[in-house]
Structures are given as C-alpha cells and as structure tokens.
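Asker: Given next are the chains, with one letter for each unit.
Number of protein chains: 2
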Amino acid sequence: MRLTSLLGFIAGALTTVSFIPQVLHAWRSKRCDDLSWAMLLTFSAGVVLWLVYGIRLWAMPVIVANAVTLVLLLIIMALKTRYASR
Amino acid sequence: MRLTSLLGFIAGALTTVSFIPQVLHAWRSKRCDDLSWAMLLTFSAGVVLWLVYGIRLWAMPVIVANAVTLVLLLIIMALKTRYASR
Chain U
0 MRLTSLLGFI
10 AGALTTVSFI
20 PQVLHAWRSK
30 RCDDLSWAML
40 LTFSAGVVLW
50 LVYGIRLWAM
60 PVIVANAVTL
70 VLLLIIMALK
80 TRYASR
Chain A
0 MRLTSLLGFI
10 AGALTTVSFI
20 PQVLHAWRSK
30 RCDDLSWAML
40 LTFSAGVVLW
50 LVYGIRLWAM
60 PVIVANAVTL
70 VLLLIIMALK
80 TRYASR
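If you read the protein sequences in the order shown, they are chains U and A. All the letters of the first sequence, read from the start, carry residue numbers 0 to 85 under numbering that gives the first Met the number 0. All the letters of the second sequence, read from the start, carry residue numbers 0 to 85 under numbering that gives the first Met the number 0.
If you're looking for bench data, these hints aren't it; they were derived computationally from the structure. In this text, a Cβ means the ideal position worked out from N, Cα and C, and glycines have one as well. Keep in mind that the hints are not guaranteed to be accurate.
For the chain U half of the interface with chain A, some residues (derived, Cβ under 8 Å), not all of them [as the list claims (entries may be wrong)]:
1. Val16
2. Phe18
3. Ala37
4. Gly45
5. Val51
6. Tyr52
7. Arg55
My request is simple: use the sequences and hints to build the entire structure.
Answerer: Here is the structure:
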C-alpha cells in the first residue's frame, strides 16, 4: 500500500509539472495556435472541480497539485490570448 | 460525501474528455507543433503511473479515466509525429 501511495504522488507530480515545459514552449515560440481552446477550458474546468474536491476532503496533495496545474493553465491561456493577435 | 464523490467523477470525466477536442483540433489543422513533446511525454508518464495506481487499488474510475486519456495522448503523439515532417 505504501508503494501504491508513492505511485499516486509521483503520478500527480508528473501530470502537474508537465505543464511547465508547455508554458516554456509557448513562451519561447510565441505560439499557442495548436492548443485547442476546448481542451484548455474543459481541462481547466476539471482541474477546478478537482480543487473543490480536494478542499472538501482537505486532501493537501490534491489541493496543491491542482492549484499549481490551474495556475500553469491560466498562464498558457493568457499566452494563447496574447499571441493570437500576431 | 456523496456530493464530493460526484465532484470527483465529473472532474475526472472533464480532464479525460478534454483531450477529444485536442485530437480533433490536431486532425483538422494537421498541426501539433505548439504542443510540447516534454509536456506530452511527462503527462503520459503520469497517466501511466495513475493507471498502475488504479490497477493496484482496482479502482475502476481511475483505471477507465486514465486508460482513455492514455489512448487519446497516444493518438495526439502519433499525429504530432506524422505532421512533423510536413
């Protein structure tokens, strides 16, 4: 069971930090056209619900992982909006 | 607690189905350049670990959501590889 929990923590960390290289990629290339708005908005809605879920259970790993993911998604959406006009 | 579980189910469904519009977007535009390989690979590694986690706990919602997400990610990565040469 301890290994299973560890797996969950690593899994959550990976899916969260994965958005860091996406932010850097967008920042460097000044392009986000190939990221679908429907994906970004649907995924963000899911992350917000995960955050509410985590807060209701006061499950800190769920809260932290989803709060960080949400911030990274907001940055990506801000960059997409900014670069769209170019 | 019932509402909390429902929140979790809807959250999981949203983060999983969000990749469907991304697949359609890539398919229609024939472009995936703005999706970072580091994001796709790191996120996929996380999803694989979530899948192993779900299998170890035999938690069907975790297994199904992550299996579907992994299939969609593999499609996106296949399209990115295919369109890269254009």
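Asker: So which of the earlier hints does this model not fit?
Answerer: none
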